[in-house]
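Colleague: In case you want the letters, here they are:
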Amino acid sequence: MSLDKATVTKIAHLARMKLSEDRLDHMVGELNNILDWVETLKQVDTEDVPPMTSAVRHSLRMREDKVTDGGYVDRILANAPDAEDGFFTVPKVVE
Amino acid sequence: MSTADLTELGLAEARDGLKAGDFSARELVDAHIEAMEAAQVLNAFITETPDLARERAAAADKRIAAGEAGLLEGLPIGIKDLFCTDGVRTTAGSRILDNFIPVYESTVTAKLREAGAVMLGKLNLDEFAMGSSNETSYFGPVRNPWRRAGDPAAELVPGGSSGGSAAAVAARLALAATGTDTGGSIRQPAAFTGIVGLKPTYGRCSRWGIIAFASSLDQAGPMGRSVRDVALMLRAMAGFDEKDSTSVDAPVPDYEAALTGDVRGLKVGVPVEYRADGMPEEISALWQQGMEWLRAAGAEVREISLPHTKYALPTYYIVAPAEASSNLARYDGVRYGHREDGGNLIEMYENTRGSGFGDEVQRRIMIGTYVLSAGYYDAYYLKAQKVRTLIARDFSDAFGDVDVILTPTAPSAAFARGEKTDDPLSMYLNDVFTVPASLAGLPGISLPCGLNGEGLPLGLQLIGRAFDEETVLRVAGVLEEAAAFDARPAQWWREA
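First to last, the sequence lines map onto chains R and Z.
Numbered per this note's numbering, the first sequence spans residues 581 to 675.
Numbered per this note's numbering, the second sequence spans residues 1374 to 1869.
Think of the hints as simulated: they come from the structure by calculation, not from any bench.
Careful: at least some of the hints might be erroneous.
To be verified - Taking lysine-lysine and the DSSO-like style, the derived pairs with C-alpha atoms no more than 27 angstroms apart in a straight line are:
hint : chain 1 : residue 1 : chain 2 : residue 2
1    : Z       : K1435     : Z       : K1616
2    : R       : K622      : R       : K590
3    : R       : K622      : Z       : K1683
4    : R       : K622      : Z       : K1616
5    : R       : K598      : R       : K585
6    : R       : K598      : R       : K646
7    : Z       : K1616     : Z       : K1683
8    : R       : K646      : R       : K590
9    : R       : K585      : Z       : K1793
10   : Z       : K1683     : Z       : K1759
11   : Z       : K1616     : R       : K646
12   : Z       : K1683     : Z       : K1640
13   : R       : K598      : Z       : K1793
14   : R       : K622      : R       : K585
Claimed, not checked - Footprint (simulated), chain R over chain Z, 3 or more residues, beta carbon under 8 angstroms:
hint : region
15   : 1519-1529
16   : 1683-1689
17   : 1715-1729
Unchecked claim - Anything over 10 angstroms on all C-beta distances counts as not near chain R; from chain Z, calculated:
hint : residue
18   : Y1511
19   : A1757
20   : P1784
21   : A1856
22   : R1867
Each residue gets a CB set at the ideal place from its N, CA and C atoms; glycine is no exception.
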C-alpha cells in the first residue's frame, strides 16, 4: 500500500501544517520509503504479546487531589505572541 | 596555572583544584568563556551567557570560601538547548521557539545549579532533538572539532542530536555538558567526538522542563571527557521528581564510588546480531579489542542473542514520530513561540506550523500523524509497541546470563556534512546500535576507545540492567584505562 498525494495533503491538514506543493510532492516519496521500510515489522509474530506501555516497570503514584500551583497569569502570558487583558488571543472564531 | 591550562582539566580534577584553592571559580569560568568565545566557528552554542556565568562563578567563590560548596560548585558546564532555563532563551533548535524565554527551570538544570555548577550557555542541537548529525538545527549546523587526517577541508558533523554538547566538551569549551538521548542522541555524538556520554535508565533523571520529543524514550544524561566526570555529573542530575510521573523514586548512589576498577568474574555479553553486514573492519576490530581488554581484566566474555534486533529501528521510527506528533501539537502560535497570521484560526495554525518547523520535524510529524490516524493505529503503532515488548524481553533474557553488554556505538566514524541529508533512511541507520537499549529503557554509555585510519575517534557502548548505571560505569572505567585514549583534536579554530 502506498500513499498518494491526496492522502499526504490530508495528513498535512490533520497535522495543521501548510506545506508547499513542492514539499508535498517530495513528502509523498519520503513517507512511502519510510512506510515501506517499517513494513518489515509485519514479519514478527506478535500473537499474545502485550504492547509495551512503559519503558521501566512501575506503578503510577497517587497524590492528594489539591491545587499545588498557579496564580501567576503574567508569567503564563509572558511568551504569548498576542495577549490581551489577561487572555491569549486568536483570530475570530465566531461570527 | 595559566588560563589555557585550566581548560585542560577534567570536571573532577577542576573540582579537586577548586577545593585545594589552586585557582578560583572565577578564573576557571573566565578561562572557559575565553575558549567559548574563541570557538564560535564551531557553532556549538546557540546562546552564550558569559555575564550570567561570571555572576554565578563569583557566588560560587563565596560559597567555597564559606565552606558551603556543592557537589559541582564553580564548575563551568554547557546545557543542551532543550532544557528550559529560567530567563534564558530556550529554542530546541527550532524557529518555532526562537523567541521563547522560559519562566521556569527544568528539574535537571535546577539540580545542577543547586549543586553549584555554572552554566556557560545553551548548546546547539538538531531541531527538537530529531537528527543524528546536528544538521537540522534552525541555528545552523555544528562543526565537529575533529578533522580527517589528510582531508582537513571536509567539514565533519559532530553527530546528534546533542551535537553542540559533544563539540563543546571535545573542544574544551566546557568541562561537561548535559545531553538528552531518545534513540542515541547522547551516545552517538559522544562517539563522533571522542568523549564519554551516558544515557541513564529511563526514569533516572527527571524529564520535567525538558522540551518533549518522544516521552516514553526521552532521557537526560551527562557528557564529559572521562568516565569519572560523567559519574560525577550524573550524581548531580539524577533523582526523584514528583513533577515527572515516570521519575523513579530510588536513592541516587555515589557513582564515582562505583569506579573500583575491578571487573573480575563479571560476565560481558556480545550480541551476535550486532555483527551487521558491512560493518567497517576498523569498528569490528575495535569491538574485538574491547572484548580482549575486558578478558585481560578478568571478565568473562560470552556471545548472547538479541533476536529482535533488526526490528528495533523500524519500531523506533513508528513509536518516536507518533509520540512526537502528539507532543508537538502544542506549538500552535497561541501560547508561546513563533506565530504566523492567517485568515482564520485553522489557517493561523497551518501557517505557523508550516513555517515554524523544519523539514525533518515536519516529516516526523507527518509519519506520526499517519500512524496514529483512524484505521492505521493497530497496524502501525500497536504493532510497534508489541514488537517493543519483544525487544525488551530479548534484553531481560540476556541479562539472565550476563551483567553487561558490549557493542560498538555507531556503524561509522563522523561523516561529512551533507553526506546523508538527501536520504532520511540512511541517516536513521546511524542509530542502529543505540536504539534497542533506548526502546528497552536501559542505561548505555559510549566511550572513546580508538581512532580509525583517518584519525577520527571510534566509540564502544556498554549496556546495563535497568538502574544499574554503577556496573556500566565500573566496566567503562576499566575499558577507559585499557584503551588509554588520549588523542584530541588540534585547536584549528583558534587559528581560523
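Colleague: Could you run down the list of hints and mark each one as holding or not?
Modeller: Each hint, compared with the structure:
Taken as a hint, the Z/K1435 and Z/K1616 pair is broken in the structure, with Cα atoms around 31 angstroms apart against an allowance of 27 angstroms. In summary, the hint linking R/K622 to R/K590 is supported, as the alpha carbons are separated by about 25 angstroms, within the 27 angstroms threshold. At roughly 13 angstroms between alpha-carbon atoms, R/K622 and Z/K1683 fall within 27 angstroms of each other, so this suggested pair holds. About 38 angstroms separates the Cα atoms of R/K622 and Z/K1616, which puts this hinted pair outside 27 angstroms; it is violated.
A hinted pair counts as satisfied when its Cα atoms are at most 27 angstroms apart, and R/K598 with R/K585 qualifies at roughly 14 angstroms. In summary, the hint linking R/K598 to R/K646 is not supported, as the alpha carbons are separated by about 41 angstroms, beyond the 27 angstroms threshold. Proposed proximity of Z/K1616 and Z/K1683 is contradicted: the alpha carbons are some 35 angstroms apart, above 27 angstroms. Taking the CA atoms of R/K646 and R/K590, the gap is near 42 angstroms; set against the 27 angstroms cutoff, the hint is violated.
For the hint linking R/K585 to Z/K1793, the alpha-carbon distance of about 25 angstroms falls within 27 angstroms, and the restraint holds. Taken as a hint, the Z/K1683 and Z/K1759 pair is honoured in the structure, with Cα atoms around 15 angstroms apart against an allowance of 27 angstroms. Between the alpha carbons of Z/K1616 and R/K646 the distance comes to roughly 14 angstroms, so the proposed pair stays at or under 27 angstroms and holds. A distance of roughly 24 angstroms separates the Cα atoms of Z/K1683 and Z/K1640; the hinted pair therefore holds under the 27 angstroms criterion.
Between R/K598 and Z/K1793 the alpha-carbon distance is near 26 angstroms, which keeps this suggested pair within the 27 angstroms criterion. Our distance criterion of 27 angstroms between C-alpha atoms is met by R/K622 and R/K585, whose separation comes to about 25 angstroms. Three residues within the 8 angstroms Cβ limit are the bar, and the region 1519-1529 of chain Z against chain R gives 0, so the coverage statement is violated. Restraint check on the region 1683-1689 of chain Z versus chain R: 4 residues with Cβ-Cβ distances below 8 angstroms, three needed, restraint holds.
Counting residues of the region 1715-1729 of chain Z whose CB lies closer than 8 angstroms to any CB of chain R gives 13, which reaches the minimum of 3, so the coverage claim holds. Z/Y1511, annotated as away from the interface, keeps every beta carbon of chain R farther than 10 angstroms; the closest lies near 16 angstroms. Under the 10 angstroms C-beta cut-off, the non-interface status given to Z/A1757 relative to chain R is violated; the minimum distance is some 6 angstroms. Listed as outside the interface, Z/P1784 is consistent with that label: its C-beta sits roughly 16 angstroms from the nearest C-beta of chain R, beyond the 10 angstroms cut-off.
For Z/A1856, the non-interface assignment is confirmed: its Cβ lies about 30 angstroms from the closest Cβ of chain R, beyond the 10 angstroms cut-off. Every beta carbon of chain R lies more than 10 angstroms from that of Z/R1867, the smallest distance being close to 37 angstroms; the non-interface claim holds.
Violation of the numbered hints given earlier is confined to hints 1, 4, 6, 7, 8, 15 and 19; the remaining hints are satisfied by the structure.
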